[in-house]
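J.: The primary structure of each chain is shown beneath.
There are 2 protein chains.
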Amino acid sequence: MAVVVKKFGGTSVADLERIQAVAARVKRAVDAGDQVALVVSAMAGVTNQLVDYCVKISPLHDAREYDTVVATGEAVTSGLMAMALQQAGVAARSWLGWQIPIHTDDAHSRARILGIETAELRRRMAAGEVPVIAGFQGLGPDNRVTTLGRGGSDTTAVAVAAALGADRCDIYTDVDGVYTTDPRIVAKARKLDKITFEEMLEMASVGAKVLQTRSVELAMKQRVRLQVLSSFEDKPGTFVVPEEEIVEQELISGVTYSRDEAKVTLLRVADRPGVAAGIFGPLAEANINVDMIVQNVSPQGDTTDMTFTVGRADLERALSVIEAHRGEIGYGEVRADAGVCKVSVIGVGMRSHAGIASTMFRTLAEKGINIQVISTSEIKVSVLIDDAYTELAVRALHGAYGLDA
Amino acid sequence: MAVVVKKFGGTSVADLERIQAVAARVKRAVDAGDQVALVVSAMAGVTNQLVDYCVKISPLHDAREYDTVVATGEAVTSGLMAMALQQAGVAARSWLGWQIPIHTDDAHSRARILGIETAELRRRMAAGEVPVIAGFQGLGPDNRVTTLGRGGSDTTAVAVAAALGADRCDIYTDVDGVYTTDPRIVAKARKLDKITFEEMLEMASVGAKVLQTRSVELAMKQRVRLQVLSSFEDKPGTFVVPEEEIVEQELISGVTYSRDEAKVTLLRVADRPGVAAGIFGPLAEANINVDMIVQNVSPQGDTTDMTFTVGRADLERALSVIEAHRGEIGYGEVRADAGVCKVSVIGVGMRSHAGIASTMFRTLAEKGINIQVISTSEIKVSVLIDDAYTELAVRALHGAYGLDA
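Residue numbers (our numbering), protein chains in the order written: chain A, 1 to 405; chain B, 1001 to 1405.
By construction, these hints were calculated from the structure, which means they are not laboratory data.
One thing to keep in mind: the hints can contain errors.
[To be verified] Sample of chain A residues at the chain B side, in silico, Cβ under 8 Å:
no., residue
1, Leu16
2, Ala75
3, Trp98
4, His103
5, Gln222
6, Asp386
[To be verified] No more than 30 Å apart at the CA atoms, straight line, and that leaves these computed lysine-lysine pairs for DSSO-like:
no., chain 1, residue 1, chain 2, residue 2
7, B, Lys1027, B, Lys1194
8, A, Lys27, B, Lys1056
9, B, Lys1367, B, Lys1188
10, A, Lys191, A, Lys367
11, B, Lys1221, B, Lys1188
12, B, Lys1191, A, Lys56
All figures in this text were calculated on a predicted structure; none of them were measured in a lab.
Beta carbons: idealized from backbone N, C-alpha and C, even for Gly.
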């Protein structure tokens, strides 16, 4: 008998038929002897509709009221799912964030979970009842509904699993696991049986939208065994586990890409202390996230060129900020390019193996792909290339690191 | 300065534009110096959609989960309305049933309000904030969401007004007040400035769907001054008040009709003690509401005929129940007629004036309309007639009692 938290996202509960299919699936787990707690998202499309209402009625709306409105989507699903389970013969009860309660701070619309009261949940689970917990929401210190930010139901699931000391947290999605790369680009992509938390985090941060980054961080910190699996097929998915659980680690676990990037280059920036702060301070104040940064060695000695990337959606704002601070920064010219792609190779194995980066550079060079910017972390090497070469680069790298099935 | 509770129903908050129009209207009241608490319903159509989900996912669904699901409609409106008020420059805050809390019993889906904690609401209203209260819902003794039954937002508004000791409770609807009769049938129908609680109750019970009956009962008991007025036009509506406030009472306040009736006649029923219980006991057990009952004097001495009316939607079920109990009841034949209409004249003045009923019977006789069943209460005379004569009867009675404008 295992204690398992199962989380079903919006596409898994998109309509009544799918809610009933989830109930049937949960019933099988209960019949097999597991103690199950469910976490559910809003039915697909519902949250977008509610957010749209909020934006239209008041562009600068009160985040407290936003939370009151958007948290209702998960409440509806939790009630309907409890009914579907009861109909299938499984004892079940819905739980909204304030009922458990899931205590959060008061950072409305992006609240952090502070603690979860589990005594009543444990008592009922031990008696065979399945709690159906509305994801994405909690109760703030002033007795008001809070929400955790988009994708927050993953975080709810992990936090509930940690609080319950669950054996496993299953995240059901519309993909059946984590792949070595995007199967739509590389036919030979393989589903991974296991991946480390660190690798999953790097993957999430570079565009593999399987799990919300925060939920992976929390699982890593709380040592919750995560499984990503399909809500439509009944087969094992990918386990996200601590590094020591993976005995034979491949050098590289995956190749990812992100087309959400744009490159900005400032030419002839004064080469003096404080100039980087002069550029990135104002961008940070404008809440623009800067990813890769490269400063070339100054050829003339008194000026240099500075290149960085921002989210493509932020490009126009970033250029306005740079222009507004032209005087303080001091630069000759700005060039922007939205036609770029960031391609990354990720693997904890690279900590102990040299030559990972050089394999990447050589492989891309052989295909005639120019590398515009390079950035590395302990377990990731990323390069910025011309967007047009994305598929070619990903396919070549997948083969070069021996990932092809 | 007055303390006023204002309730806006589903059509008044049907979309974002109407919500903004309500906010503008509330702002005018606040600017004029009133302390206002709002009660809002779900946006038109939302509750039906949620109820439909519940029925489809589980025909015999758990009422606790039904309440969790359907109460979300009002939560959405309360958050959006608070935003709209803030946008209009009015301090506002949404309040769900559990947050106030509005304590109810545990009769899920038809709960009764037991008490409302108002200290915090009063404090905020005194500081100029408008509480936007989600109607129709409360908090049960087991910390679960309850709902008050359809139309329950009217009851929420009256209960909040009573708890606050409000000077007035304004119920905004899609009509601009209570009329002497249906203006669609009688062009000369007049809007009443005032009507007594008792009359309003009788009107509600015979088809004038302006206010939920329970809310009027509660207002009468708690002596809350009610006003029914238009949410689309800015003019006074009809006040529902204690009888002593109406100095010059007309004999009759209104003529109403209901086409929701069906007539059932049992021929040759044994004329012995207990036979009425034998008929109406099983109907009550089947939750079928019986309205008018007439037992004719027995001509032969040993059998009699029994006629009664049920809701038209219940007719088939009523006939099944009667058939199933044929043995115990003992009757010769059953006749059913769904082509009937109940026409009523209502007025507290009839308590002290004779001749009201005879005016009714004479007026109908002059038009050649046959009266099938008669029933009377202290302030109402109802007759059952052939449905085809409805408009003729209503128009004739409206003139006969001097109600024409």
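J.: Taking the hints in turn, state whether each one holds.
T.: To see whether the hints hold, each was checked on the structure:
1. At about 5 Å, the closest approach between the beta carbon of Leu16(A) and any beta carbon in chain B falls short of 8 Å, and the interface hint on this residue holds.
2. Annotation: interface hint on Ala75(A) holds; nearest CB of chain B at approximately 5 Å, less than 8 Å.
3. Among the interface hints, the one on Trp98(A) holds; its C-beta lies about 7 Å from the nearest C-beta in chain B, closer than the 8 Å criterion.
4. Hint status for His103(A): violated, given a least beta-carbon distance of 15 Å to chain B, over 8 Å.
5. Restraint check, Gln222(A) versus chain B: the minimum CB separation of about 27 Å is more than 8 Å; hint violated.
6. Taking 8 Å as the C-beta cut-off, the interface hint given for Asp386(A) is violated, the closest approach to chain B being about 44 Å.
7. Our distance criterion of 30 Å between C-alpha atoms is met by Lys1027(B) and Lys1194(B), whose separation comes to about 26 Å.
8. At roughly 19 Å between alpha-carbon atoms, Lys27(A) and Lys1056(B) fall within 30 Å of each other, so this suggested pair holds.
9. At roughly 19 Å between alpha-carbon atoms, Lys1367(B) and Lys1188(B) fall within 30 Å of each other, so this suggested pair holds.
10. Taken as a hint, the Lys191(A) and Lys367(A) pair is honoured in the structure, with Cα atoms around 26 Å apart against an allowance of 30 Å.
11. Pair hint Lys1221(B) plus Lys1188(B) does not hold up; C-alpha atoms about 33 Å apart against a cutoff of 30 Å.
12. Restraint check for Lys1191(B) and Lys56(A): the C-alpha separation of about 37 Å exceeds 30 Å, so the hint is violated.
Comparing the model with each numbered hint stated earlier shows that hints 4, 5, 6, 11, 12 do not hold.
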